[in-house]
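Asker: The chain contents come next:
2 protein chains.
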Amino acid sequence: MKEKIHQWLEANREEATLFLQKLVQAPSTQGNEAGVQEIVVEKLNAMGLEVDVWEPDGEELAKHAYFYSPKSEFSGSPNVVGVMRGTGDGRSIVLNGHIDVVPAGDTAQWKDDPFSGKIEDGKMYGRGVTDMKGGNVSLLLAMQALQALDVRLKGDVIFHSVIEEESGGAGTLAAILRGYRADAAIIPEPTNMRIFPKQQGSMWFRLMVKGRAAHGGTRYEGVSAIEKTMTVVQHVLNLEKERNARITDPLYKNTPIPVPINLGVVEGGSWPSSVPDLVKLEGRMGVSPEETMEQAKAEMKDWIAKLGDIDPWFKDHPVELEWFGARWVPGTIDTDHELMNALVGKFRQVTGTEPVIEASPWGTDGGLLTHVAETPSIVFGPGVTEMAHFPNEYIVLDKVFEAAEIIALTLLDWCGVEDK
Amino acid sequence: MKEKIHQWLEANREEATLFLQKLVQAPSTQGNEAGVQEIVVEKLNAMGLEVDVWEPDGEELAKHAYFYSPKSEFSGSPNVVGVMRGTGDGRSIVLNGHIDVVPAGDTAQWKDDPFSGKIEDGKMYGRGVTDMKGGNVSLLLAMQALQALDVRLKGDVIFHSVIEEESGGAGTLAAILRGYRADAAIIPEPTNMRIFPKQQGSMWFRLMVKGRAAHGGTRYEGVSAIEKTMTVVQHVLNLEKERNARITDPLYKNTPIPVPINLGVVEGGSWPSSVPDLVKLEGRMGVSPEETMEQAKAEMKDWIAKLGDIDPWFKDHPVELEWFGARWVPGTIDTDHELMNALVGKFRQVTGTEPVIEASPWGTDGGLLTHVAETPSIVFGPGVTEMAHFPNEYIVLDKVFEAAEIIALTLLDWCGVEDK
Chain B
26 MKEKIHQWLE
36 ANREEATLFL
46 QKLVQAPSTQ
56 GNEAGVQEIV
66 VEKLNAMGLE
76 VDVWEPDGEE
86 LAKHAYFYSP
96 KSEFSGSPNV
106 VGVMRGTGDG
116 RSIVLNGHID
126 VVPAGDTAQW
136 KDDPFSGKIE
146 DGKMYGRGVT
156 DMKGGNVSLL
166 LAMQALQALD
176 VRLKGDVIFH
186 SVIEEESGGA
196 GTLAAILRGY
206 RADAAIIPEP
216 TNMRIFPKQQ
226 GSMWFRLMVK
236 GRAAHGGTRY
246 EGVSAIEKTM
256 TVVQHVLNLE
266 KERNARITDP
276 LYKNTPIPVP
286 INLGVVEGGS
296 WPSSVPDLVK
306 LEGRMGVSPE
316 ETMEQAKAEM
326 KDWIAKLGDI
336 DPWFKDHPVE
346 LEWFGARWVP
356 GTIDTDHELM
366 NALVGKFRQV
376 TGTEPVIEAS
386 PWGTDGGLLT
396 HVAETPSIVF
406 GPGVTEMAHF
416 PNEYIVLDKV
426 FEAAEIIALT
436 LLDWCGVEDK
Chain H
26 MKEKIHQWLE
36 ANREEATLFL
46 QKLVQAPSTQ
56 GNEAGVQEIV
66 VEKLNAMGLE
76 VDVWEPDGEE
86 LAKHAYFYSP
96 KSEFSGSPNV
106 VGVMRGTGDG
116 RSIVLNGHID
126 VVPAGDTAQW
136 KDDPFSGKIE
146 DGKMYGRGVT
156 DMKGGNVSLL
166 LAMQALQALD
176 VRLKGDVIFH
186 SVIEEESGGA
196 GTLAAILRGY
206 RADAAIIPEP
216 TNMRIFPKQQ
226 GSMWFRLMVK
236 GRAAHGGTRY
246 EGVSAIEKTM
256 TVVQHVLNLE
266 KERNARITDP
276 LYKNTPIPVP
286 INLGVVEGGS
296 WPSSVPDLVK
306 LEGRMGVSPE
316 ETMEQAKAEM
326 KDWIAKLGDI
336 DPWFKDHPVE
346 LEWFGARWVP
356 GTIDTDHELM
366 NALVGKFRQV
376 TGTEPVIEAS
386 PWGTDGGLLT
396 HVAETPSIVF
406 GPGVTEMAHF
416 PNEYIVLDKV
426 FEAAEIIALT
436 LLDWCGVEDK
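Protein chains in written order, with our numbering: chain B, 26 to 445; chain H, 26 to 445.
Isolated chain B, as found in the complex (with noise of 0.2 Å):
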């Protein structure tokens, strides 16, 4: 079987390829996803699923906890989802890809036109090709390839094809509220061929640091907020250290931060000559898959309370802590979770290597898949880890073929197969 489906795949490499490059050159950034989700109606349709076409209701997501967009209304941007129904009997899976990307940003940083798609020594470059249409585009090979072999399996195979991934998962959340949910999923963002069953979640805060003000001349009359904001870092670097210390899971073994606290913005102060009354810190807060969110926001604010037992000055002018923004809900499998086995196992099986794995630095949509679906997700795609949200974004084509290769024969041992 595994040759078979290697010859289907060289068979139809072409074909696929080209249907790669129309993906990419329709550029599908927030609220213009309507035209590549039409190509991938189309290729549903023509590969006889049954398919789902929406508009997610903004109004409906935003009783969600777990909802997050910096957008309030979906209309011109449809969700799509396509169903391999199985025979019955088998485990279901849900293969997701979000078919969002980010702007192509500096376009005088690209070679190309950012949405080319132009082939060159094996690549294909453009804006999401790896992050993540490649991917998307293993997935329909996978199930195309088991079509053409005729082969029938027993559970479900659920493809997402969904929106808003990179502003916070909107579109997988709309898709699981709409029922399309499994017993385990696969995501193939852009991990190098590395196996992810954990990633990290992660959260945006902002703290504001508060000062007196006065004239720079007579700066002892007041209270700097920026010197004020040095106690702040330093105690921030210290609960991170302190979090990161609990941490014993081998999957993060390489990772000399597993679930860092970045720090990412400052900004306070507005004349030179005056001592600065407020000072805003914004960051990136790193969820431990073994830990809920609100756990992790309860613990950063039992220690900003604790400011004030370093400085009584945070006793009386409190720093205020502040969620805003993107979150990404962390996620989690079992390192012997059976859709693990299988896949570890194609893995060889396919690429006669071991395979990298690894607990993820960042969140995907798996999190909430997890957490709101109980649809327990692996992470493995072909895309270039680095080249994600960088200028000259590439794939190397042969990657799509071999993850397509390694993601089809895994879904013969977990979906299970109907004897003829």
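Calculated from the structure, these hints are not laboratory results.
Any given hint could turn out to be false.
No copy is singled out in the list; a pair is fine if it fits within one copy or between any two copies.
Claimed, not checked - With a straight-line cut-off of 20 Å between C-alpha atoms, the simulated SDA-like cross-links for lysine to any residue are:
#1 LYS148 <-> ASN37
#2 LYS340 <-> HIS260
#3 LYS47 <-> ASN57
#4 LYS96 <-> PRO128
#5 LYS235 <-> GLN259
#6 LYS96 <-> TRP296
#7 LYS235 <-> GLU292
Based on the hints, put chain H in the right spot on chain B.
Answerer: Same frame as chain B, but now just chain H:
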């Protein structure tokens, strides 16, 4: 003579108050000084002084090492000088007052129109009334009183009504370069009637602290410019400590930090989930009256260069130091200078109290007079220090006349009186 001057001031109080009100009602923010200078010129002509009105030549000024202004061109912004010529053989004096005012700021914070000149409970309100049109009126009253009493001074009295003090002193610099210097000077900036023989200078600097960008989830792959900034802030605080430990002048005995280094602005990073690769710090370095600005700059430069000894990161990624924007030259006059003796004596005589003699925590145009014109300067004026640049700025009118009386008597002493 004291009694006569006092009586003349009493008799002319209403007229002088209305004159001050007229000055306040002409909003002479930067670039809008022409209107108020016309009123001043009219007064000087009425007093029969030698009057000089000119628009400073921006190109000429720009060649001078001590020139600073955000403007390069001063048409429509005249400087005014009025000379009350002495009979000869007396010591000359500059009476320097700036006529420019800072903007009203948020007018919602003002109880009345910022340029109302409203009088209530012995106070006059309005932008610039304390900083420093009230002081300017004290100077004019002192001269008028002596004229009215038919006193003929031996030394010249050179009255400066200058622009641009609030933005770096280009007006006083222009007056100096035009030849209007003297043996000493009085500048009635708002000191709450304290006498400042020394004025702290200051300069603005900018530090660019470098890091290396990375994704926040793998922040250990980057170097946080925010964390590096903590080291830089501490290093700058240490320099402040070192510099102030050297200051033993008893004039600073009540000043917790005689020459502060104020860090007023911090700004860095652009995304909570990214490791920040650049942080900007902007601050104000106090310059002691006992050092030159060049010495202070050199000390800062050498100190910043030492960061590499604290953290090797700074060896390969040196913090960039830049001097920018405004700067105020420090000023000093000997505390036993004869003008000091005269002023202190007349203060005691008029008020019956001991004057507060301190070093000023901020610069004035006295630095330029001292260093460019070799005109040692005393800062002493009727305005309310705390209200300068604040909403609802006011002056206590009694103080305008008290200062006028003290200055008139001082002129008698300093310039000498020609026998009739």
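Asker: Are the hints correct? Go through all of them and say.
Answerer: We went through each hint and held it up to the structure:
1. Proximity of LYS148 to ASN37 under the C-alpha cut-off of 20 Å is restricted to the intra-copy arrangement: shortest distance 17 Å within a copy versus 90 Å between copies.
2. Only within a single protomer do LYS340 and HIS260 lie at most 20 Å apart by alpha-carbon distance; the minimum there is 15 Å, versus 27 Å between protomers.
3. For the identical chains of this complex, LYS47 and ASN57 are intra-copy neighbours only, at 15 Å inside a copy versus 62 Å across copies, given an alpha-carbon limit of 20 Å.
4. In the homo-oligomer, the alpha carbons of LYS96 and PRO128 lie at most 20 Å apart inside one protomer (16 Å), although the nearest pairing across protomers, at 40 Å, exceeds that limit.
5. Taking identical chains as interchangeable, the C-alpha atoms of LYS235 and GLN259 lie at most 20 Å apart whether they share a chain (16 Å) or sit on different chains (18 Å).
6. In this assembly of identical chains, LYS96 and TRP296 lie within 20 Å of each other by CA distance solely across copies; the values are 19 Å between and 35 Å within a copy.
7. Within a single copy, LYS235 and GLU292 get their C-alpha atoms as close as 12 Å, and across copies as close as 16 Å, so both meet the 20 Å cut-off.
Checked against the numbered hints given earlier, this structure breaks none of them.
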